[in-house]
Amino acid sequence: MQTTPKCGTEHWRGVLLASALLLLAGHSARAEPQASTFKLANGMEVVVIPDHRVPVVTHMVWYRAGAADDPWGVSGIAHFLEHLMFKATGKIKSGEFTRIITRLGGRDNAQTTHDSTAYFQRVAKEQLRRVMELEADRMVNLKLVEEEVRTERDVIQEERRSNVDANPLALLSEQMSAALYQNHPYGRPALGWAQEMAKLSLQDAATFYRRFYAPNNAVLVVAGDVTADEVRPLAQATYGRNKAGPALPPRARPQEPASLAARRVLMEDARAGAHVLLRFYHVPSYPSARPGEAESIELLAGIVGGDDTSRMYQRLVASKLASTAGSDYVANNLDSGRLSFVVIPSDGVPLEKVEAELDAILAELREKGVTQDELDRAKSTLEARRVFDSDNQVTLARRYGEGVALGRSIADLDALPGRIQAVGLDDIKRVAAELLNAQRSVTGILTPPRAAPQASKP
Amino acid sequence: MTSEKGPRMFYGLRGPRPRAAYGAMLGLVCALVGLLGSPIAVRALTVEEIVSAKGIKAWLVEEHAVPLIAIRFAFAGGATQDQPGKEGQAGMVADLLMEGAGDLSAAALKEKLSRLGVRLSTSSSRDAVYGGLETLTARFGPSAELLRLMLVAPRFDADAIERVRSQHLTDLAIAANEPSRVGVDRWYSEAFKGHPYGRPVDGTPESIARLTRDDLKGQHARLLARDVLKIVIVGDIDKRAAAAAIDAIFGGLPEKAQLDRVERAEPRSLPAPVIVDKEQPLATATFGIASLPTNHPDFPALQVLNHVIGSGDFDSRLMEEVRVKRGLAYSIQTGLLHDSVASLLLGGFATKNETMGVALAAVRDVLATTARNGPTPAQFENAKRYLVGSLLLDFDTNAKVAGSLLGVWLNGEGPDYLLTRNQKIGAVTLKDVKRVAEQVLKPDRLTVTIVGKPKLDP
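Heads up: the protein sequence lines correspond to chains A and B, in order.
Take the first sequence: its letter number 67 is residue 98 in the working numbering, and every next letter is one higher.
Take the second sequence: its letter number 153 is residue 201 in the working numbering, and every next letter is one higher.
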């Protein structure tokens, strides 16, 4: 099933790399998966990624609706609905969905991000049809009951308490996001704010469901021991029977104003075991960036804090100023991305000192960029990661599912290695100079309360 | 159990469903996943036992679909071998393997690894020092050579020791504020008082501060030897090349480790929960009880039983009673742990301080009821069906296959595990499960630790 169009000069180097690996490996190993795509009559997009090593399939449905689509004042509703999707439909009882998957020897899960909501199952290939029937059923037939909505609302509040409220770093990160985004709904937590979660109603969930859950707003991904020819009739017989909903308007969320001021968020928490410095920069993402820009940011993030050869490691950890230092790039959100840096100073080293060092590292990047050697190494790391990813069915299914749900084409996703190769020293210097700018940043500081003694002994 | 240095920092983007959530929280439950499943037709996975020219044994799975090779290995011993007062020795040794070897300083070694894009990691537990290598086939030779050097000739440079020491001290300070880690550590120290298992596996600030270069070098020489080594190789490599690689990498290690004998241990049972008083929005409970070793004829029945009560699925008995019916916890799960000298059924959950008493009573009641009546025929059938159907879900990437098989081997199973597992589970009868339930599930034998300020009267 190699229907993916491949063209353009950028891809050429990726192909060359793949062939070189094939030659060296000395047999018919393949480096890249071959995803293909088609559309059902009701508008549902389908992606198939064959992987015939074990008789297992990964099945996912991605909806183009996430927490950034929560109405104002109703934060958390996308995620709450994700939970409620495991309740009754016209055909199955509440909780039955997971019960059936488990009985089939499968596993299921779901996730809500700001831009999408996705439902996953992994089963033996013989069970694929049954899974598709079930998922197609709950896409349109969910029956919510007041009593169950109430119990499940307790559960999501419990989830917030254990995953966020219990963790000071998670709380700080949430506060910083709220400061980073001054107008865009990315500033609200995907789980929701506690006081709004407490009021989420059946009506809120039903409205969100009716608005967004329809085949023309969803992407089906099947990865594993199947071909597109096998998936097509199954998809038609299951999802194909669901009626298309009204066409949805383009996903235009309120956009950010120009960033004019550096922001600082200071948090004291008795549970902070160590001091932590966190820094966020508002930057473009793959879906929102100019061509080549996100690729440059990704390479830059690796060079600054990606591994134990990075600049942050050398100057903060190897020099014993810090016990941990690293970077992270949230690269795949629809409207914008986030480049972040974290430093945990060594015991006794003041936060001011590690912050000054981090600022010095970033200032140097803005002025001088990076070296050719650093850039080559960062590219080689990403190339290797791409091959590691091709070993993992779930990772691949996520790549294409999330990508297509956010409006990207398979050709675009497949051309990434070529675009990474094409990034030059000037590109890196340009994004560093433009984006590593204090006005675009939020700095977060976590410390134990000043008055109280520091971390207790274990 | 891998030594992740980066903190878990970016929360709130995802709301994973419970299976993922609590597994990650306990840390230990994840390690079990490989054990809980059983194979369907094991078409593509053939496990071969190979012996190198130097007599080193390994398990090999040839898989040429992706140009990658993964190796996982373990030296039995681990933290149980830490000398008294020097707790944390094995963990420091494992980390220092990555910090310079032969002629290569830490920085030079890491630069070589980064250039190769190889994934190399080391870690430790109570029972073993572990390592893993994942590389593109084309870069296997130089990657393997670096691994050899790290194992045979680590440098233990003063500078690296101080850096790793400072990281371990920071980790301990952070861990002291993570309720799940505090709870599990306390559980072990209470249940195995006076036994090497009861000692702090990561050491204490005092013991870490005390470790000298000789302590670490000496421990490396005692622990890393061929007679306690288990190796699994998976991927794009044939038998001859694999055997040669084993000798090249591990052949230079001493023949015999110098381990102290560790006696088999039964966990103590304490009449009342042990409270670790901490201000937290939720109280976190860890509960455990003695179970059966993997070579016990009733072990497959115990696996079925564990699935029925604590799989973490919505219809597992604990989830049903604690989350679905009462909304008390986001997730509750149990796992079977088979360390080299103890067999446990261990579980955990978090709930509000004021509902801890009710939740704990529900847990005891589930255990008591199941001990009395066993599972229902439907629960029994469903659990078997899941265990039989799900095994291959853990055997779908080279790295996961290698890790899962190493776990199988460490648990005392043979290379034919994938072929025999389903038959064993298939042969389990409801009567077997009832017998095991009665034998193992003794609520009054439960040892419980709670981190928080719980209200215990239901």
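No lab work stands behind these hints: they were computed from the structure.
Think of the CB as a built atom: it goes at the ideal place given N, C-alpha and C, for glycine as much as any other residue.
Incorrect hints may appear among the rest.
Claimed, not checked - Computed spacing ranges between beta-carbons, pair by pair:
id: 1; chain 1: A; residue 1: 196; chain 2: B; residue 2: 477; range: 42 to 50 Å
id: 2; chain 1: A; residue 1: 279; chain 2: B; residue 2: 477; range: 50 to 58 Å
id: 3; chain 1: B; residue 1: 483; chain 2: A; residue 2: 176; range: 54 to 62 Å
id: 4; chain 1: A; residue 1: 226; chain 2: B; residue 2: 345; range: 33 to 41 Å
id: 5; chain 1: A; residue 1: 280; chain 2: B; residue 2: 471; range: 52 to 60 Å
id: 6; chain 1: B; residue 1: 286; chain 2: A; residue 2: 260; range: 49 to 57 Å
Claimed, not checked - Computed cross-link-like contacts, DSS-like style, restricted to lysine-lysine with a CA-CA straight-line distance of at most 30 Å:
id: 7; chain 1: B; residue 1: 287; chain 2: A; residue 2: 124
id: 8; chain 1: A; residue 1: 460; chain 2: A; residue 2: 410
id: 9; chain 1: B; residue 1: 265; chain 2: B; residue 2: 373
id: 10; chain 1: B; residue 1: 501; chain 2: A; residue 2: 124
id: 11; chain 1: B; residue 1: 501; chain 2: A; residue 2: 230
id: 12; chain 1: A; residue 1: 351; chain 2: B; residue 2: 134
id: 13; chain 1: B; residue 1: 373; chain 2: B; residue 2: 482
id: 14; chain 1: B; residue 1: 503; chain 2: A; residue 2: 156
id: 15; chain 1: A; residue 1: 351; chain 2: B; residue 2: 160
id: 16; chain 1: B; residue 1: 160; chain 2: A; residue 2: 410
id: 17; chain 1: B; residue 1: 472; chain 2: B; residue 2: 241
id: 18; chain 1: B; residue 1: 448; chain 2: A; residue 2: 156
id: 19; chain 1: A; residue 1: 124; chain 2: A; residue 2: 156
id: 20; chain 1: B; residue 1: 448; chain 2: A; residue 2: 410
id: 21; chain 1: B; residue 1: 160; chain 2: A; residue 2: 460
id: 22; chain 1: A; residue 1: 156; chain 2: A; residue 2: 274
id: 23; chain 1: B; residue 1: 479; chain 2: A; residue 2: 230
id: 24; chain 1: B; residue 1: 482; chain 2: A; residue 2: 230
id: 25; chain 1: B; residue 1: 373; chain 2: A; residue 2: 122
id: 26; chain 1: B; residue 1: 241; chain 2: B; residue 2: 326
id: 27; chain 1: A; residue 1: 460; chain 2: A; residue 2: 351
id: 28; chain 1: A; residue 1: 410; chain 2: A; residue 2: 399
id: 29; chain 1: B; residue 1: 326; chain 2: B; residue 2: 102
id: 30; chain 1: B; residue 1: 448; chain 2: B; residue 2: 287
id: 31; chain 1: A; residue 1: 399; chain 2: A; residue 2: 384
id: 32; chain 1: B; residue 1: 501; chain 2: B; residue 2: 373
id: 33; chain 1: A; residue 1: 351; chain 2: B; residue 2: 102
id: 34; chain 1: B; residue 1: 501; chain 2: B; residue 2: 326
id: 35; chain 1: B; residue 1: 105; chain 2: B; residue 2: 479
id: 36; chain 1: B; residue 1: 373; chain 2: A; residue 2: 230
id: 37; chain 1: B; residue 1: 241; chain 2: B; residue 2: 265
id: 38; chain 1: A; residue 1: 124; chain 2: B; residue 2: 400
id: 39; chain 1: A; residue 1: 156; chain 2: A; residue 2: 230
id: 40; chain 1: A; residue 1: 274; chain 2: A; residue 2: 384
Hints versus structure:
no.	hint	result
1	A/196 x B/477: 42 to 50 Å	holds, 46 Å
2	A/279 x B/477: 50 to 58 Å	holds, 54 Å
3	B/483 x A/176: 54 to 62 Å	violated, 40 Å
4	A/226 x B/345: 33 to 41 Å	violated, 55 Å
5	A/280 x B/471: 52 to 60 Å	holds, 57 Å
6	B/286 x A/260: 49 to 57 Å	violated, 33 Å
7	B/287 x A/124	violated, 51 Å
8	A/460 x A/410	holds, 16 Å
9	B/265 x B/373	violated, 54 Å
10	B/501 x A/124	violated, 38 Å
11	B/501 x A/230	holds, 27 Å
12	A/351 x B/134	holds, 23 Å
13	B/373 x B/482	holds, 24 Å
14	B/503 x A/156	violated, 48 Å
15	A/351 x B/160	holds, 22 Å
16	B/160 x A/410	holds, 14 Å
17	B/472 x B/241	violated, 35 Å
18	B/448 x A/156	holds, 19 Å
19	A/124 x A/156	holds, 25 Å
20	B/448 x A/410	holds, 25 Å
21	B/160 x A/460	holds, 25 Å
22	A/156 x A/274	holds, 27 Å
23	B/479 x A/230	violated, 48 Å
24	B/482 x A/230	violated, 44 Å
25	B/373 x A/122	holds, 22 Å
26	B/241 x B/326	holds, 22 Å
27	A/460 x A/351	holds, 28 Å
28	A/410 x A/399	holds, 19 Å
29	B/326 x B/102	violated, 54 Å
30	B/448 x B/287	holds, 20 Å
31	A/399 x A/384	holds, 22 Å
32	B/501 x B/373	holds, 24 Å
33	A/351 x B/102	violated, 42 Å
34	B/501 x B/326	holds, 6 Å
35	B/105 x B/479	violated, 39 Å
36	B/373 x A/230	holds, 20 Å
37	B/241 x B/265	holds, 28 Å
38	A/124 x B/400	holds, 29 Å
39	A/156 x A/230	violated, 41 Å
40	A/274 x A/384	violated, 60 Å
Consistency with the previously given hints fails for numbers 3, 4, 6, 7, 9, 10, 14, 17, 23, 24, 29, 33, 35, 39, 40, ordered from lowest to highest.
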